[in-house]
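Protein chains: 2
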Amino acid sequence: MEPSAAAAVTAVARRRLLILLFLFSLLFFAYLSFLSSPFSPHSSSIGTASSNRKFRSLSSSLPVHPLDPLTVDEISTVRSVLLSHPPFASPNPFPSIHSLSLAEPSKSVVRSWRPGINPLPPRRALVVAYSPSSSLSHLLTVDISSKRVIHHDTVPLSAAHGYPILTADDMSRATSAPFADPPFLQAVRSRSLAPSDLTCVPLPAGWFGKTEESARLAKVQCYSHAGTANFYMRPVEGLTVLVDLDKNRVIEILDNKQPIPLPSDDDTDYRYDVQKKKTTKQRAQYKLNPITLEQPEGPSFTVEGAHVIRWAGWELHVRPDSRAGMIISRARINDPETGKAREVMYKGMASELFVPYMDPTEGWYFKAYLDAGEYGFGLQAMSLDPINDCPRGAYLMDGVLAGSDGRPFVRPGMVCVFERYEGDVAWRHSEGPTTGINIREVRPKITLVARMSASVGNYDYIVDWEFQTDGLIRIKVSLSGMLMVKGTVYKNMSQVPEHEDLYGTLLTENLIGVVHDHYVTFYLDMDVDGPENSFVDVHIVKQETGAGESPRKSYLRVERRVAKTEEDARIKLKLYDPSEFHVVNAKRTSSVGNPTGYKIVPGATAASLLDLDDPPQERAAFTNNQIWVTQYNASEEWAGGFFVYQSQGKDTLAQWSEKNRPIENRDIVLWYTMGFHHIPCQEDYPIMPTVSSTFDLKPVNFFRRNPILRAKPYTEDDFPVCRPQASVQK
Amino acid sequence: MEPSAAAAVTAVARRRLLILLFLFSLLFFAYLSFLSSPFSPHSSSIGTASSNRKFRSLSSSLPVHPLDPLTVDEISTVRSVLLSHPPFASPNPFPSIHSLSLAEPSKSVVRSWRPGINPLPPRRALVVAYSPSSSLSHLLTVDISSKRVIHHDTVPLSAAHGYPILTADDMSRATSAPFADPPFLQAVRSRSLAPSDLTCVPLPAGWFGKTEESARLAKVQCYSHAGTANFYMRPVEGLTVLVDLDKNRVIEILDNKQPIPLPSDDDTDYRYDVQKKKTTKQRAQYKLNPITLEQPEGPSFTVEGAHVIRWAGWELHVRPDSRAGMIISRARINDPETGKAREVMYKGMASELFVPYMDPTEGWYFKAYLDAGEYGFGLQAMSLDPINDCPRGAYLMDGVLAGSDGRPFVRPGMVCVFERYEGDVAWRHSEGPTTGINIREVRPKITLVARMSASVGNYDYIVDWEFQTDGLIRIKVSLSGMLMVKGTVYKNMSQVPEHEDLYGTLLTENLIGVVHDHYVTFYLDMDVDGPENSFVDVHIVKQETGAGESPRKSYLRVERRVAKTEEDARIKLKLYDPSEFHVVNAKRTSSVGNPTGYKIVPGATAASLLDLDDPPQERAAFTNNQIWVTQYNASEEWAGGFFVYQSQGKDTLAQWSEKNRPIENRDIVLWYTMGFHHIPCQEDYPIMPTVSSTFDLKPVNFFRRNPILRAKPYTEDDFPVCRPQASVQK
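Protein chains in written order, with the working numbering: chain A, 1 to 730; chain B, 731 to 1460.
The hints are simulated quantities; they were obtained by calculation from the structure and are not laboratory data.
Heads up, the beta-carbon is just placed ideally off N, CA and C, and yes, glycines get one too.
One or more of the hints may lead you astray.
[As the list claims (entries may be wrong)] SDA-like cross-link-like pairs, simulated, lysine to any residue; straight-line CA separation at most 25 Å:
1. B/LYS1206 / A/LEU575
2. A/LYS278 / B/TYR1444
3. A/LYS574 / B/SER1422
4. B/LYS1304 / A/SER214
5. B/LYS949 / A/GLY432
6. A/LYS650 / A/SER214
7. B/LYS1304 / A/GLU567
8. B/LYS1007 / A/LEU575
9. A/LYS277 / A/GLU509
10. B/LYS1017 / A/GLU304
11. A/LYS542 / B/PHE938
12. B/LYS1302 / A/LEU573
13. B/LYS1302 / B/THR1335
14. A/LYS247 / A/ARG332
15. A/LYS572 / A/GLY548
16. B/LYS1380 / A/GLU544
17. B/LYS1221 / B/THR1091
18. B/LYS1304 / A/LYS278
19. B/LYS940 / B/ILE981
20. B/LYS1272 / B/ARG1300
21. B/LYS1006 / B/ALA959
22. B/LYS1070 / B/THR1091
23. B/LYS1070 / B/SER1321
[Stated by the list, open to error] Where chain B lies over chain A, by a calculated footprint (3+ residues, C-beta under 8 Å):
24. 598-609
25. 683-696
With the rest of the complex left out, here is chain A (with noise of 0.2 Å):
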């Protein structure tokens, strides 16, 4: 890495030498991985996740494409460079970096970068940093070639505009400190509990008014892990204490001194390890004949370094995100009329979410997490299962973070991607007795998806982008882990006064499944055929036939409505006043005149109810519709705000909608949020199964004609011969 380094700074002759022998040195590592990779022709079985590895060590050491993430020697360049820039040199304490993460290119450096044919643009760093001692942010810009901070603001901190994401020192320190507290200890003891037996997590204080404006806070609340791996489902009911972040000390502890008992812990354990040893008392699971995906002749996708992804005339970049999670970039399709590459997404990912909790009590209404802006997608994101969260074979992307000194760390297998086939087809038609024709033709669906999980303290969400071969691209949430629970003196409905509200579902007894909302706020910079692309409502609507026009006295008209402003592009969907969502290049028509364009489809969803003046909801303004456009802004890409923690909602996305930019042939971006109301069950205990969303990014008019009208089907031919391994080891 280093030589590029200093040839960066130098004149761009020498440069672009060096950049040379990068590129032929990669070939040769890339030729090395293929031999023995999964993606190998020659090879003749399944990469396995240590096939994987090769990829990943490569990954990890040389960036290859301007979108790449930063690499462990790059991270370890900036922090070098920082440790002499001040504040970060001075004798004073290092300030927390609460995020380092590649400074992207400008877009159009971007779109105009060739590989092979320019170099990579400048190396830069983006770094948010945090000073307790002064209440200072800084914001600064490293360039990696050059070492130098390029570029430093520092931004008085407050809960005026919120602060930046907790570091994972931020939450150790927030947990350990109840445990230093006499009195948090006496409370723990007057439940005659163990504080050993305890697990506390840190949550985020929201804002509610002049407490949230008086420091950095954290609401931390504890469970006994007694008996249980499951400590969820055994919460210390009533007992919240109130830490400062900065000053690392225990303001409040508010105790409602309730005598909740502590529920049992009885069959809570999900460890398989434990419950293999379950006796047929408690019946154990059927078993299932194994089931999997197979591909004897390796995956059809193809991996550039470590984030270009090829696969069946798609081309995409996929990274790792310590805050949205994962990130998909210059998505880009082969038109297979002209066998030309077209733009389609120039940047996808998970923004933003909200997860409300409906109980209005003292130790529960503060519960409104921004996971992304507050925890971060992709800092709670963990290893995937090679085996079990992605099908075997799947290849796997390490995830490349800082932590709060600055320093680099690998998170192994963070993002994998696959091919995925369900036994579902693409297309197919018969021909039946009518016609008389022997026709039978069906198109097996073979998909590729990029799949990440970030584990959120109790809930586990997981987020796939899958392309089609039809151009379609699925964006999947699905739901799981388990319920944040409330203790209660109940142990069964009849015990409950008629009129009393329990804010939940009583999963088992003394356990409340409360009720909450979950939202996922999706930035969509959509470039169909480029940048400059438009938002049509196409809407239809009911049209009543004249006198004697027809027999019909009504049909389905539809009207196509360009929209103008932002605030035109403000969209709660309705099911009796229905339109299709098209984000088209009114200057690409197709060779019959309609305009290229994708259609953003939605899937089941839920709106927020909560009253658009109630803090949470404030702060989560970007829910307030289902859809939004806004002009392209490099600043605007955190539907919640860039500050989010304790973040009074006035730099979010609804606010950049009221600036009503135009957006008729503009660079715009298009978001959705996905909603789902959680009213939970007994069967969300002590596990929830897991529960998904969708929504669809659909070419429309975009193709000449169907892409995928020269698949091919499947003959016996193509299918590989398995045995069990049990039987190959005899």
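We have chain A already, so just place chain B on it with the hints.
Same frame as chain A, now just chain B:
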């Protein structure tokens, strides 16, 4: 079959003896087929279509369950009985058989029947016949064992209540009639088309007034198959032939004489044999390596007889049906806490479809199909491609149907059943850095799918019933095939006058994809822990907090509203006024006092916006709401009425609901309508990529805790060793 048929009418003792003989011989046959079947643990290779045939030959000879469909022998017996019964015995022309299928025993008989303990209830057939000469329809019940007609109604048929389903003969006569009609041939030649190039299709005339009350009518339209198997893309626009189905002659020729050119056949032929010959000029499909679902140890489900499927605690009866396509009965699931089977659904099926096109002009206004009642969703369900319609090794179930002459015929592989793994997770959880506990537990998601596909003319519908290990049932309808298109003089949108409505999208030169809707209405006879159920609207309402009650201004509260009568259960879905919809058994509360239930969870859907008094909407009034609940009535199964062809909509779900019967703590039927608005686009030409919608039936406080708690993760040992077929053959 004969011995038992004789036995069934004699003394119970003797009958039981024979039943026992059956069960033994059945076991023997089952064992034989088992040895070479995919269900054999000894089998090292995945079952093939041929090994499945062993099941099938067995399936068509012996009924083992009260709901097993009529066998070949039984249908032959019924026909022989009819031949000695007037009017079938008379010298008059043999009345055409429009339906000959199992007359289900009463629900109470089926629910109390125990295999191996009770004999099969008497096997009976329901016959719908029609005499054109007398314009009488005959509804007969034939007892197969006693070979007697035990019930015979004659109904004077008229458009007042509609005609029976079309027979294959009706359709072929309708499409050949025009070719014996000189004016039609003249109209074809005047378009300089060769009659021999035409493929014509019979379209139901629907009901719009006097014309459709005069006779049993079809409207025939034609397409050119010159140069392509995809004749649907080459409509002979503006030529419609009205045919009398009984008199078998042309009544009227509607010829708008507009010079609308025949759209080009260029690259419309979808057959792979044709496509693979295409030059690289028309870019070939990117080669994808095979990816398949493999189960070297065989599937985990078992099949008793041909129709009883057992898998992962589920037991259900699956059968092909000439009208519904596929019927799921007696769905029960084993409760892991007690080991006992619990009832979930007595019967579920697609009851009716509604497909209105949005073009009020002469050749199009009448296109508003009720496919199940007019064409027969099952009659149009062709044999599935055993390796492309379903994953390799799927269990293929034959359909046994009757022709209009009453003779039986077998449709091989009309339904398939298979296990699915798509690389998704049923449940997962990781602990993160916050708690620092090292946990990563993931359970792969494996499901069971029963599938059929109906090719109703140009459209192919795929209906999946998917069963999960956590008790969830997902119903998915997928649409594929080709569009119904319209010829036009326009070659480019620039030629279309500004205010002219094309009623659709210009797909290619001279071809319009007409806007249309699809609705599929499902009959769901839920029996949650038994027949006595109630329907509960679990309403989610915003609750504002009182002054000083909480820093929160609002939260969501749940209000349960039990539907007293059918009127209370007519539901239109509202995004901003949401509810969950539960079917509960109020007398079977859970251990903590919640009623046990299942909820229906709608997916993305569409609602019909047509005028309620528009004739097509009157006939399809069952789509006026997304959800209905009616009191169970064995005669109310077909949402559009028993006789749908040219019906006036006087016998639909909407009328039944008007009875406003009590439905609290009763045997109730849940009805759900799934909808699609389809604005065609160029990607729907010349073939249509599959589009799907789903809804779920999901346990809610039905289980004490999540049933998959004890599910097992995969280990490397679970995975097979696979080699490409080719490498083996070498």
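Of all the hints given earlier, name the ones this structure violates by number, lowest first. Those not satisfied are hints 4, 8, 14, 15, 18, 22.
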